[in-house]
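Student: I would like the entire structure built from these sequences, with the hints used as guidance.
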Amino acid sequence: MTVPTRLRAEHLPEAMGLTVSAPRLSWTPPAGSTTQAAYRITASNGWDTGRQESAACAAPYTGPALDSRSRFEWRVRTWNTDEAGNETPTGWSQPMPVELGLLHATDWTAQWIGADEPAMARAGERPGYAFTKTFTLDAAPEKARAYATAHGIYELFINGRRVGDQQLTPGSTSYNTTLQVQAYDVTGLLREGANTIRAILTDGWYRGSFGYTRDADMYGTRTAFLAQLEVGSGTATQVIGTDSSWLVSATEITGADLMAGQRVDFRAHDAGSTPTGGKAPGVRPAVVRPGSFTQLAGPLAPPTRVTGELVPVSITRLPNGNQVVDFGQNLHGWIRLTQLGAPGETVALEYGEALGPDGDVTRDHLRPHDFRSPGAFLDAGQVDTVAASGAPGEVFEPRHTTHGFRYVSLQGLAADLAPADITACVVRTDMERIGTFSCSDERLNQLHGIVEWSFLGNTCEVPTDCPQREKAGWTGDWQLFVPTAAYLYDVTGFTRKWLRDVRADQWEDGVIANISPSPGPEATSAEFMAFTNGAAGWGDAIVMVPWEAYLATGDAAILAENWEAMKRWLGFVRTAAETRRHAARAARAPFPAAHEKYLWDTGFHFGEWMEPDGPEPDLFAARTADNGIVATAYYRHTTELMARIASILGLAGEAAALAELSASIRDAWEREYLDAAGHVTQASQANCVRALAFHLVSPVHRTTVTAQLAELIRGAGTHLGTGFLATPYLLPVLADNGELDLAYELLMQDSEPSWLAMVDRGATTVWELWNGIDGDGIPHQSLNHYSKGAVVSFLHRYTAGLRQAPGSAGWDRVVIEPRPGAGLTSASTSHQGPHGLIEVHWAVSTDPADGAVLTLTATIPAGTTAEVLLPGRPAAVVGPGHHTFLAAPGGDSTQPELMRSTL
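Numbering-wise, this note's numbering puts 678 at position 678 of the sequence shown, and it's gapless, one number per residue.
Please keep in mind that the hints were generated in silico from the structure rather than gathered at the bench. Any given hint could be a false lead.
Unchecked claim - Cross-link-like lysine to aspartate or glutamate pairs, in silico, EDC-like; alpha carbons within 20 Å at most: (1) K597 <-> E670; (2) K597 <-> E672; (3) K143 <-> E73.
No experiment lies behind these values; they were computed from the predicted model shown.
Tutor: Put into structure tokens, the structure is as follows:
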């Protein structure tokens, strides 16, 4: 019997340590069902909803009140109706456990502890500390939980065994407001008699160097650890919490930093043994430190884990003695090395994305500017060192740093490495893959794979821009890529966690910080880290990202939890538009025209940012530049989205006011930036793309602006000229305005700048610059920046032809409309939506009698309808099931839906 699957709590497949007292539960209907008529949930704590007449595959928990440590297992069954109206009950799903963590500050009896550091080394050279406690149990416990967190990065061990498989705990958040607590079931690790709990603590995001500026101590100058072990047998509970009775000792980690790397000397390793009474060298009591208990929170996102391993594709010994390991793939994580040097011999491991002319790893292209010394550059970091003790079985795995790399240069290792001696560990937030794509063109398949690897390399805790030089959660990058990401992976929890930080980092005046998590502008040494905040396209992420999360899930609560932050951001933008005029505009006319109050043309903006063959970015010049054509476009787009959001949230009055404001901004943009003939006055591919994508021009002018865009593209030798913000919209705008062939020409262009130039030059992740590896093989800047990879949504929604229907959220209505080009003969895509798996495949074959035939097959899940649009055939609306259609290829029909579901 089929049963509901993919049970979730708060969008998480694992719900351990939640700090939500009424979690939202959801499930996927059984495969092969048609329409859910009702559901029933039961739980181990006595909760029973009874039969609920509803087609919704989600429900809030409404059972007995939950408190700290509450645990229950829930299951669901549904009643489904077929096309004839016959109703059939399913079996019960497999149960899903849900367990709450510690909800209240008063639940904690443990104290924050740290190491006494009379002298503190500079960031990158600070050692790790071990905190140890030995205790006695009269019997093996029936139940035991450990709750732990840190100011820094911690690992937890009980009786010499590592607790759990999570990495880089407690994770990256805006520590000024939120610090995650991990909850572990440690019942099986404890025993009768003596037990030892041990934690390793390093700087991490809390006080290590971070970001482009390499600033350190941004959240504090002292690391600290907090843990509470609760051991239960019968009705008795024994609590072992961190306090001054814990002992601190040195570890084998002599330095650990997320940017610089990790240094290990196994000769200093204490093997996890218990310090004896504080008498051993360096062993001393822990120091009780101040720390908040009100900022502690449970998980919103899946944990960070090692999700894969790669073996070398080659190992090369260079004339200088270094051994260069090529893993064949640019990735984020670290290595595991089992072949160490001789006792006391130090081996250095230099990680990089590219090789220099000498065949060794180069990091020069990753060096950030030193803003304290204009014209100078900082070291790129990404260097580990390890000194062996000679003990058998020593393994080097630096879990207190991370790197972005394809190559590793081992320096100082006399023994020849074998492939089995070194492994690359892929480290990321452990999100479920829910989307696929393939087609008949192998280079496009390679491009899709490159984009996926680039995305996964930037999903360690937060959506980062790059995994080596900065590792920062830039808002602009995620708002550009989140529609693509949400199609390929379940990013809901990952996004919600990040948005919590975005809200926390919002300034009093409504400005959205460029980077989240962020300690605030006062914690950075570079002036630009302050004045660049509040930029169009970056700050708008607070509206655009929740909207995409809602579209992917149908969960309006995601909109509600961000609504106030959206309004504050819009308030900042509106105030700027209505009260300020650009100096050049004021010089031309001392009195503003009526429409100017809708133009946002002051303040700092990145603008389109990094257009091919455009001017070099100048942040300081941008402070006074007029970027109104870009900023006003986003002002219009944000208000239009917020009008929709207000309507969904039942705020009819606000929805009407926002829709009116959005229309006024649109009219002002067209009046200011379109000439009498309907051309964009500041002619660029990006400005034309935005005019069409954001519906900034009247229908009568769309043909003119499309022709202008096409002319600009042809004038660039049929190359794209868009920069950071407009590139995801370029191909869809062309396809939806009668230029499908031109869209495919750009897609298949293989000279720089183009996506396929990256493929042909051996990229395994998306580059920051179109010439990331230039024609001479020289690397430039980051080779792992996913934002340009948003182009693969064109492959999903146009080439394969699967997209959500207008007005749909949660994939309950879809449009299937393949629009092949560039000689493609087949394409397939799938997406696991909230209602189940949607699959589309088409192929062109030649029939001797009928000529070329396009055969399309589609699988539609329960509760979903699909409109199928094929050349030469009337539109067909089908429901759940497996469907096959035949049509003549070609005869493309333009549909006015853009790739970006925000539009």
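Student: Is it true that the CA of K597 sits at most 20 Å from the CA of E672?
Tutor: Given pair K597, E672 holds - Cα atoms ~12 Å apart, limit 20 Å.
Student: Does the alpha-carbon distance linking K597 and E670 stay inside the 20 Å limit?
Tutor: 14 Å, holds
Student: Please verify whether K143 and E73 have alpha carbons no more than 20 Å apart.
Tutor: 16 Å, holds
The structure agrees with every numbered hint stated previously.
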